[in-house]
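A.B. asks: The primary structure of each chain is shown beneath.
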Amino acid sequence: MREYDLVIIGGGPAGLAAAVAAHEAGLKDILILERDNELGGILNQCIHNGFGLHTFKEELTGPEYAGRFIEQVKKLDIPYKLNTMVLDLAADKTVTAMNREDGLFQLHPKAVILAMGCRERPRGALNIPGYRPAGIFTAGTAQRLVNMEGYMPGRRVVILGSGDIGLIMARRMTLEGAKVQVVAELMPYSGGLKRNIVQCLDDYGIPLKLSHTVVDIEGKKRVEAITIAQVDEKNRPIPGTEERYECDTLLLSCGLIPENELSRSAGVDINPITNGPTVNESLETSIPGVFAAGNVLHVHDLVDYVSEEAGAAGRHAADYIAAGCKAEDHKALPVKCENGVRYTVPVAIRPDAAGENITLRFRVGNVYKNKKVAVYAGDACIFSRKRPVLAPGEMETVILKTSLLTDHPEAEGITVTLEEA
Amino acid sequence: MEEKNLICINCPLGCPLTVTLEGGEVKTVTGNTCPRGEAYAKKELTNPTRIVTSTVKVKGGKLAMASVKTATDIPKGKIFDCVKAIQDIELEAPVAIGQVVLADVCGTGVDIVATKNVPARG
Amino acid sequence: MVDIVIIGAGVSGCAIARELSRYKADVLVLEREEDVCCGTTKANSAIVHAGYDATNGSLMAKLNVAGSLLMPELARELDFAYEQNGSLVVMMSEEDRPALNKLYANGVANGVEGLRIVERDELVQMEPNISDEAVAALYAPTGGIVCPFGLTFALAENAAHNGVKFQFDSEVTNIEKIDGGWKVSTVKGDVEAKVVVNAAGLYSDKLHNMVADDNMTIIPRRGDYFLLDHTTQGFVSNTIFQLPGKYGKGVLVAPTVHGNTIVGPTAIDIEDKEGTNTTQAGLDDVRAKCGMAVKNVPLRQTITSFAGLRAHEARHEFFIGEIKPGFVDCAAIESPGLSSSPAIGRMVAGIVKDILGLEVDLSFDPRRKGILDPKTLDDETHAALIKENPAYGTVICRCETVTEGEIIDAIHRVPGARSVDGVKRRVRAGMGRCQGGFCSPRVMEILARELGVDQSEITKSGAGSELIVGVNKDAI
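So the protein sequences, as listed, match chains W, H and S. Residues 1 to 421 (this note's numbering) are what the first sequence spells out, left to right. Residues 422 to 543 (this note's numbering) are what the second sequence spells out, left to right. Residues 544 to 1019 (this note's numbering) are what the third sequence spells out, left to right.
Each hint should be verified, as a subset may be incorrect.
Once the Cα atoms are required to be at most 27 Å apart in a straight line, the calculated DSS-like pairs of lysine-lysine come out as [what the hints assert, rightly or not]:
{"id": "1", "chain 1": "S", "residue 1": "Lys816", "chain 2": "W", "residue 2": "Lys220"}
{"id": "2", "chain 1": "S", "residue 1": "Lys816", "chain 2": "W", "residue 2": "Lys221"}
{"id": "3", "chain 1": "S", "residue 1": "Lys731", "chain 2": "W", "residue 2": "Lys221"}
{"id": "4", "chain 1": "S", "residue 1": "Lys930", "chain 2": "W", "residue 2": "Lys221"}
{"id": "5", "chain 1": "H", "residue 1": "Lys463", "chain 2": "W", "residue 2": "Lys179"}
{"id": "6", "chain 1": "S", "residue 1": "Lys930", "chain 2": "W", "residue 2": "Lys93"}
{"id": "7", "chain 1": "W", "residue 1": "Lys369", "chain 2": "H", "residue 2": "Lys425"}
{"id": "8", "chain 1": "W", "residue 1": "Lys220", "chain 2": "S", "residue 2": "Lys930"}
{"id": "9", "chain 1": "H", "residue 1": "Lys425", "chain 2": "W", "residue 2": "Lys386"}
{"id": "10", "chain 1": "W", "residue 1": "Lys194", "chain 2": "H", "residue 2": "Lys499"}
{"id": "11", "chain 1": "H", "residue 1": "Lys425", "chain 2": "W", "residue 2": "Lys371"}
{"id": "12", "chain 1": "W", "residue 1": "Lys57", "chain 2": "H", "residue 2": "Lys463"}
{"id": "13", "chain 1": "W", "residue 1": "Lys93", "chain 2": "S", "residue 2": "Lys816"}
{"id": "14", "chain 1": "H", "residue 1": "Lys497", "chain 2": "W", "residue 2": "Lys179"}
{"id": "15", "chain 1": "W", "residue 1": "Lys209", "chain 2": "H", "residue 2": "Lys448"}
{"id": "16", "chain 1": "W", "residue 1": "Lys194", "chain 2": "H", "residue 2": "Lys480"}
These aren't lab readings, by the way, just hints derived from the structure by calculation.
The following block holds chain W by itself, in its conformation from the complex (with noise of 0.2 Å):
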């Protein structure tokens, strides 16, 4: 069993984050553990622009995005094993993984960063009826086989979910050759940013059609026909409305989930609205020195926001075994969500252990036009933005001073709401 300060497991966009953030606070004796056999996770597939305008100052793709980050772990000298699955995370942070060359082995870190990312919800989980042929496929897979392997998983494409890899890759299919027919999404809104819906769809004539499921899938070996009809307000189809496209591929984009298996082997709490792990204004979960960030956290819309929280998450991680790895005993505030605020990370947050800011990220649960995002610290409203239009698929940031919440000394809690503006 080999010791080591820090062991962040996933060498994704929050991984190489964290480790580079970590060795920048002081913290040398680190290991990153990757599943697969390059560092960079997801972006290694994600071939289109758009990452890094936040971080970096200009538009990216996936690959040059994780790119920065790899030179930097690689200029820094930060150890990492490739092609290493991490098979048990113990409650005394005791890390048990395995690969070609080390085979089983331990780790007994001081702190560990979680950061694992997250996989796609697949036509299981969904309860789509029908044939189960070949040529149905989560968004992300097809990502995997066109733009890395360089194969095409279809000709004629419908596609469930309006998720953003599932508008980046209505393009991608597009530009490949395919004929992407239709996007059908289930809620009454777009799972996805704004600004895929005008590049990836507007710009090439695929319709999207809101409030409509799948709810049929035809062909025994491959897929032959998807017929999609709308749903009411219960989700439920409406008979009468179905569309039948014949095509031979339906992709999936519909949500993603933090893997926190590793998280829940160890006895990490879990918010069962992120699937993530609860943390407090450190990044810190239910046991000391395990820390989270990422999509494993909670899943975000853009990478650079993954790489800034990650980045807290390792100088966190470096704090804490600065500090002698104690469990500091400071007063917790726990954060309410109210009026259609779905989620924060954190969950609670103790204002002495909190820098000079503290970032509060959350979702909504409905498309709210004209609102005002406002916190309290007990009764006393601390932060008030007005927001023309607020969305579940796009996650809302508040930066708040900590000394706002040591002004009020007597609340015993936090509350993030929507008001009217």
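Got chain W; can you put chains H and S on it based on the hints?
C.D. replies: Same frame as chain W, but now just chains H and S:
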């Protein structure tokens, strides 16, 4: 006077823009939160452009494909020509980010560049 | 001319093949699909019925009880996943007591061991998630659960090991009487055999009708199911049925040998023998009924839903026997066919042995070792295995922790995996919560490499189910 609504695609904010036109000329742009929104609206209504991303084959590399992009945006109408132009390109590994894959694609004056490092195999 | 042709490589055909491999005979199994267990065997409740249900005195009752008794020893011999977890038939209303007593009596008459009726208090002890309305239950400690794929692969591999040949993608198109036997025409050419065994599942009527004087009709009876993630492990420990009664007929809720929970099936008679599509109505029906005997079924943990077809015949009885000289039917094998399969294999092999006067083959090896699952090893042995064969150190399927070593083993078995589904059914790669999202491209790559073909030829489940249709920009 004509009015058009656009979504700015410059960044993930996706600002809803309202543009007024007169005789095909952009008069006012509102709804943008930064100057890039105004520039986008003017361009989108006169000469819309896009960055194109795609893949090309790689010979002898650790990966079979390398991702590429147009170094800057090209006219929207040339997107498919641009993809056709790189259809038969096969790069020799190693490939480095920024390497020019095809200069001046379709007479746009814009180069196609690699966006992925692909080391040689073995 | 071969001695015996068995048509159908489902659990019945493979059980018969394995039993016949005990004798000196050339045995050929013909299968229309690309692999074994692609029909009825592939999608069912994965349980071993104790045998209290089938009508006393029927062949079904006899073979079910016998099959259930043979299963534990067979699982040891052939190394497949089987567990005697017990089953409960839950009574939801005191009014139904006579029906429960009748079921008990039928089971005792059938020779099922250990049957008893448990009252509510004990029932709640056994199954904390049992419905608040549950009154009592018939408990069958010999009820079991099995991996239907594992059982069938084990039978097929052991049969192949003992000389049986398998020929896939070989749909039978005609059967004709010839001198000294039968000419069996397939889409891949003709085969002559002294004895033909019809174990064609849903299509056993078609083959029967090619040679028999009468007409048989197999009705595909569809059942829709939900399969839940193994985060639900322990939700129930017995297989839980609901006694048909005042509140109608329920669906079963059972653990699987791999730690998942299975919920279903419906029973809908259809016409299409390939109609393995789930329907909204079917899934809704399972959803509505699963909460009858068990409360709060965690359907949110569903990782997949699927439908299977039972080969139902109006008499609801197995049809086994020599219907023409040298032509043996093993038809209408519906539930409890999986449970009965070890006994079906023996019975049919016995008939064939008598027809041909077969001699015992002393070189028969009854043992088969399953695909090594490194998760079952202690750390030291596990480490040594990876050192010896590094492929066991590379995890391909994250959700089920399946390594490259296991996948390579699955591909090189005889009969081996040739498709993504073939790999999935043998080693569970893609069987987990992401349903192959991450691993299917890797599995395709390994299949292509090990089989020496291009990745574009790799299918999900045989010809026509290719996963890749071309390369980038080939059609612009």
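A.B. asks: Hey, Lys57/W versus Lys463/H, does the alpha-carbon distance stay inside 27 Å?
C.D. replies: Holds: Lys57/W and Lys463/H sit about 22 Å apart, inside 27 Å.
A.B. asks: Need the status of pair Lys731/S, Lys221/W: alpha-carbon distance at most 27 Å?
C.D. replies: holds (20 Å)
A.B. asks: Regarding the pair Lys930/S and Lys221/W, is the alpha-carbon distance no greater than 27 Å?
C.D. replies: Violated, at roughly 40 Å.
A.B. asks: What's the verdict on Lys816/S and Lys221/W, does the C-alpha distance respect the 27 Å limit or exceed it?
C.D. replies: holds (14 Å)
A.B. asks: Taking only the CA atoms, is the gap from Lys463/H to Lys179/W under or equal to 27 Å?
C.D. replies: violated (30 Å)
A.B. asks: Is the hinted pair Lys194/W and Lys480/H satisfied, with a Cα-Cα distance of at most 27 Å?
C.D. replies: Violated, at about 38 Å.
A.B. asks: Hinted pair, alpha-carbon criterion (27 Å max): Lys497/H, Lys179/W. Please report holds or violated.
C.D. replies: holds (18 Å)
A.B. asks: Does the alpha-carbon distance linking Lys93/W and Lys816/S stay inside the 27 Å limit?
C.D. replies: violated (53 Å)
A.B. asks: Taken at face value, is the distance from the CA of Lys371/W to the CA of Lys425/H at most 27 Å?
C.D. replies: holds (25 Å)
A.B. asks: Quick one, are Lys425/H and Lys386/W close enough, alpha carbons at most 27 Å?
C.D. replies: holds (25 Å)
A.B. asks: Given the hinted pair Lys194/W and Lys499/H, is their Cα-Cα distance within 27 Å?
C.D. replies: Holds. Lys194/W to Lys499/H sits at ~23 Å (cutoff 27 Å).
A.B. asks: Take the C-alpha atoms of Lys369/W and Lys425/H, compute the straight-line distance between them, and say whether it is at most 27 Å.
C.D. replies: Holds, at roughly 21 Å.
In summary, the structure is inconsistent with hints 4, 5, 8, 13, 15 and 16 from the numbered list given earlier, while agreeing with the others.
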